[in-house]
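*Asks:* The residues making up each chain are set out below.
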Amino acid sequence: MQFPGRRKKLIGSSQNDLYDHCLQFYGQPPLENISLTEFETFAVERLKLLKTVENLGVSCVKNSEQYTKKLDAEISRISEYEKRRKDHISHFILRLAYCQTEDLRRWFIQQEMDLFRYRFNDLHSKHKTDFLHKNNLKYETVSAEEKKSLQDKLIASSYGLSGTKVEEHDVYKVPFQDALDLVRTRKVYLLAGNAYIPHHEIVTIVLNDFRTRLSKALAMTARSLPAVQSDERLQPLLSHLSHAYVGQDYSIQKNIGKISLEQIDALSGKSFPLCMRHLHKALRENHHLRHGGRMQYGLFLKGIGLSLEQALQFWRSEFVKGKVDADKFDKAYAYSVRHMFGKEGKRTDYTPYSCMKVILSNPPSQGDYHGCPFRHSDPELLKQKLQNYKVSPSGTNQILELVKGMHYQLACQKYFELTHNVEDAGFSLNHPNQYFTESQKLLSGGRDIKKEVDMSQRSQENPASVTRPSQANSKQIFLDEIQELSDPS
Amino acid sequence: MPTSDYDPACLPDLLPLYYRRLFPFSQYYRWLSYGGVSKNYFQNREFSFTLKDDIYVRYQSFTTQNELEKEMQKMVPYKIDIGAVYSHRPSQHNAVKSGTFQALEKELVFDIDMTDYDDVRRCCSAADICSKCWTLMTIAIRILDRALREDFGFHHLLWVYSGRRGVHCWVCDDAARKLSVAARSAVAEYLSLIKGGEETVRKVVLSDPIHPFINHSLSVVERYFCQYAIVEQDILGSKESVDKVLALLPEDIKKDLTVYYQEEKNPMKRWDRLCTLVEHKKSSIKKGGQYFDKEIMLQYCYPRLDVNVSKGVNHLLKSPFSIHPKTGRISVPIDLKELNTFDPFEVPTISLICEELERPRADEAEDDDVKDKENEQEAGERRRIRDLQKDF
Numbered sequence: 001m002q003f004p005g006r007r008k009k010l011i012g013s014s015q016n017d018l019y020d021h022c023l024q025f026y027g028q029p030p031l032e033n034i035s036l037t038e039f040e041t042f043a044v045e046r047l048k049l050l051k052t053v054e055n056l057g058v059s060c061v062k063n064s065e066q067y068t069k070k071l072d073a074e075i076s077r078i079s080e081y082e083k084r085r086k087d088h089i090s091h092f093i094l095r096l097a098y099c100q101t102e103d104l105r106r107w108f109i110q111q112e113m114d115l116f117r118y119r120f121n122d123l124h125s126k127h128k129t130d131f132l133h134k135n136n137l138k139y140e141t142v143s144a145e146e147k148k149s150l151q152d153k154l155i156a157s158s159y160g161l162s163g164t165k166v167e168e169h170d171v172y173k174v175p176f177q178d179a180l181d182l183v184r185t186r187k188v189y190l191l192a193g194n195a196y197i198p199h200h201e202i203v204t205i206v207l208n209d210f211r212t213r214l215s216k217a218l219a220m221t222a223r224s225l226p227a228v229q230s231d232e233r234l235q236p237l238l239s240h241l242s243h244a245y246v247g248q249d250y251s252i253q254k255n256i257g258k259i260s261l262e263q264i265d266a267l268s269g270k271s272f273p274l275c276m277r278h279l280h281k282a283l284r285e286n287h288h289l290r291h292g293g294r295m296q297y298g299l300f301l302k303g304i305g306l307s308l309e310q311a312l313q314f315w316r317s318e319f320v321k322g323k324v325d326a327d328k329f330d331k332a333y334a335y336s337v338r339h340m341f342g343k344e345g346k347r348t349d350y351t352p353y354s355c356m357k358v359i360l361s362n363p364p365s366q367g368d369y370h371g372c373p374f375r376h377s378d379p380e381l382l383k384q385k386l387q388n389y390k391v392s393p394s395g396t397n398q399i400l401e402l403v404k405g406m407h408y409q410l411a412c413q414k415y416f417e418l419t420h421n422v423e424d425a426g427f428s429l430n431h432p433n434q435y436f437t438e439s440q441k442l443l444s445g446g447r448d449i450k451k452e453v454d455m456s457q458r459s460q461e462n463p464a465s466v467t468r469p470s471q472a473n474s475k476q477i478f479l480d481e482i483q484e485l486s487d488p489s
Numbered sequence: 001m002p003t004s005d006y007d008p009a010c011l012p013d014l015l016p017l018y019y020r021r022l023f024p025f026s027q028y029y030r031w032l033s034y035g036g037v038s039k040n041y042f043q044n045r046e047f048s049f050t051l052k053d054d055i056y057v058r059y060q061s062f063t064t065q066n067e068l069e070k071e072m073q074k075m076v077p078y079k080i081d082i083g084a085v086y087s088h089r090p091s092q093h094n095a096v097k098s099g100t101f102q103a104l105e106k107e108l109v110f111d112i113d114m115t116d117y118d119d120v121r122r123c124c125s126a127a128d129i130c131s132k133c134w135t136l137m138t139i140a141i142r143i144l145d146r147a148l149r150e151d152f153g154f155h156h157l158l159w160v161y162s163g164r165r166g167v168h169c170w171v172c173d174d175a176a177r178k179l180s181v182a183a184r185s186a187v188a189e190y191l192s193l194i195k196g197g198e199e200t201v202r203k204v205v206l207s208d209p210i211h212p213f214i215n216h217s218l219s220v221v222e223r224y225f226c227q228y229a230i231v232e233q234d235i236l237g238s239k240e241s242v243d244k245v246l247a248l249l250p251e252d253i254k255k256d257l258t259v260y261y262q263e264e265k266n267p268m269k270r271w272d273r274l275c276t277l278v279e280h281k282k283s284s285i286k287k288g289g290q291y292f293d294k295e296i297m298l299q300y301c302y303p304r305l306d307v308n309v310s311k312g313v314n315h316l317l318k319s320p321f322s323i324h325p326k327t328g329r330i331s332v333p334i335d336l337k338e339l340n341t342f343d344p345f346e347v348p349t350i351s352l353i354c355e356e357l358e359r360p361r362a363d364e365a366e367d368d369d370v371k372d373k374e375n376e377q378e379a380g381e382r383r384r385i386r387d388l389q390k391d392f
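As they're listed, the protein sequences go chains A and B. Residue 489 is where the first sequence ends in the UniProt record's numbering, and the numbering goes up by one at each step. Residue 392 is where the second sequence ends in the UniProt record's numbering, and the numbering goes up by one at each step.
The shape of chain A in the complex, shown without the other chains (with noise of 0.2 Å):
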């Protein structure tokens, strides 16, 4: 794997080749030279966009109307073959910061996942056609017998199809593993593990192969970083590059020890965010959690500032009051706890979760606990249990108004703001940890403490403003531009 920035020049004729389709495969990497300046520019460019795929799929049911237009106001009007060319770079240098840990590669992989299908689906179905031929993708074509007698079973799984349309067009039948997301939301017709694929969602085994090829370029980028971050003009802009998304990740614990464990009772109901003030008072009712209320909880209690010795004390003293005692539960549930810790196993120290991880996975069934409120209850049990918490009713609705709308984490500021009684949160909600930070901050200080720290954050991003020396660098705006990407508000 190649480079950019020690390449021969790009031989003229060829440049028409090169970018002759809208959409590419990234199979090959970009050959030219470019400037630092504009690696930089790209690769920023690049993630603003990822960033933008990422928080409209969480607001927005993704391929909607809405999102497409949403996405297509976001996408900039410059020269067609500029365009092509700066995703094929931008999208190459991104590698190089994405590849390095598996939580990078899984969200990389994701958004560049989003951003191919809504550009294919947005492709005529001439071109869709040019691009199969294009990349060597050959699928194997249902015979019309086969069609006919699988008619019905075909309408009833596809979405958009009639029989006229399944007389007409291809029926495409792929190994059932080529077809993912199709068979994981039960979209598609399964027989004998194949699944039966309508011509006009032939997108979902493109982006397959998508996945598949991009996930191993990763693992191969990985290997070769090695040979860049010697490059020091490359080495501080990429590892920026990479913590830019996911801002602070409460991974580096402050505070260690400032809580005491008598205080947990009442700062849930004053300090926690919804999920966390949940799962603490079904530990306490239950004395018992499992392992995703575990996790999400525990990991949380790590961020806000508990020591590995408090969280073993805080588990075991409420499990003993259930139905496992202090023995059975040095031997199994202590392990648990410590290897939240990064002290067991291959020792990663786990991050507390973000409310994008609450939301998007590992869904609570039957007896858990864990997940978003906003997202995972029942508008009804939410609405009970609010008016439980205290919040009044026109508060209430408005939080309600906000979850219908799918907009989980604007629904829990507007609880931080209700119960915090302020008008405005002042900050951007992105995980549970940072809730309780800003709960905390102005729970001591009062108001005015809180609009001074506005101020000097706002100051802090606006690198033109009084506290900067008027030659910012480039450099420096650069860094600054990545620190605001962490911050959407």
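FYI, nobody ran anything at the bench for these hints, they're computed from the structure. Even for Gly, the Cβ is constructed at its ideal location relative to N, Cα and C. Certain hints may be false.
Which stretches of chain A does chain B cover? Using the computed rule of at least three CB atoms under 8 Å from a CB of chain B, they are [unchecked claim]: (1) 191-203; (2) 366-373; (3) 428-435.
Label pairs and their computed distance ranges (CB to CB) [said to hold, decoys possible]: (4) A:404 to B:251: 18 to 24 Å; (5) A:287 to B:57: 37 to 43 Å; (6) A:213 to B:227: 50 to 56 Å; (7) B:202 to A:164: 32 to 38 Å; (8) B:222 to A:126: 45 to 51 Å; (9) A:70 to B:98: 41 to 47 Å; (10) B:98 to A:151: 51 to 57 Å; (11) B:227 to A:405: 40 to 46 Å; (12) B:64 to A:326: 37 to 43 Å; (13) A:325 to B:131: 28 to 34 Å; (14) B:149 to A:287: 40 to 46 Å; (15) A:236 to B:149: 51 to 57 Å.
Put chain B on the given structure of chain A with help from the hints.
*Replies:* Just chain B now, with coordinates in the frame of chain A:
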């Protein structure tokens, strides 16, 4: 049939006997070697043991069947779990360069646990089971077995009684063992219809068009529903359970039924009325289908599986033929041909089977009888494994 009472305190005495005389090591080894097609497949398999006093040891691996036997007889594990086939021998994982020790393959597994049905069964809760709620397992096995074979094209399925409150399924096809994490989770989600935890009242929502998989599953549920739910679980009997059912229905139907139920106490008639009302509502609304009755049936009967168990390539699951320390029951394979007569309370416990072994040879006939019983049980077990191995 004589039942020996099982006492967990006897495990230290019974287990050594079980591992010496009864555990089917050669069939077990043959199964996990899969015909020796892949090099070191057995050698790179992780086992985990829970020893006396809850000591848990992972990354156990063995080079031969003999070594497996010797180690198990020496360590006398209370619990045995099977994990993945790794890139290197698990027992040497510390010697391997960090990052290169990876789980490569494992059977696709499913774990159905009766506790997950607590919100819809009235006879028992938590770890308890009885003959009434066992029907839920029968339904689960029928639905999942059909789907895994017909929809996904798998052939080699081993269904096992977990020993206490549920069943496991081991899908052993080559293709299944090679599935990625994403594929496993996709299969598990395809098979999931019950969505939501404590905070969700209506856990099944159906809309048009109904996928063929759901239709197949419904026809299984419908075969059992009346006898299981209306008669045995009596879900339309007491006010408390009637309320739970009504909570799943729209207001107008709920109102009608509340009035009707004041007069009509017969649960079957109550259910019929519910279905009639739902039909009426369906035909009076043009757009979209209303399937409240089907949703209720599914919510009360459809299998609940733990996606997390099926997702992970390295997830460890209780081994067939291991003993459940709390009940003493052997984790036996379930013969689907005899599924309707399978009784978890007739599954031999380690006390029973050891007692049968030890019984003094009073006379030949009795002795043969005992041997027959042993052989029967083992033959049953062997038969299942042999079925699995036919193509390996």
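*Asks:* To test your reading of the hints: which numbers does this structure violate?
*Replies:* 3, 5
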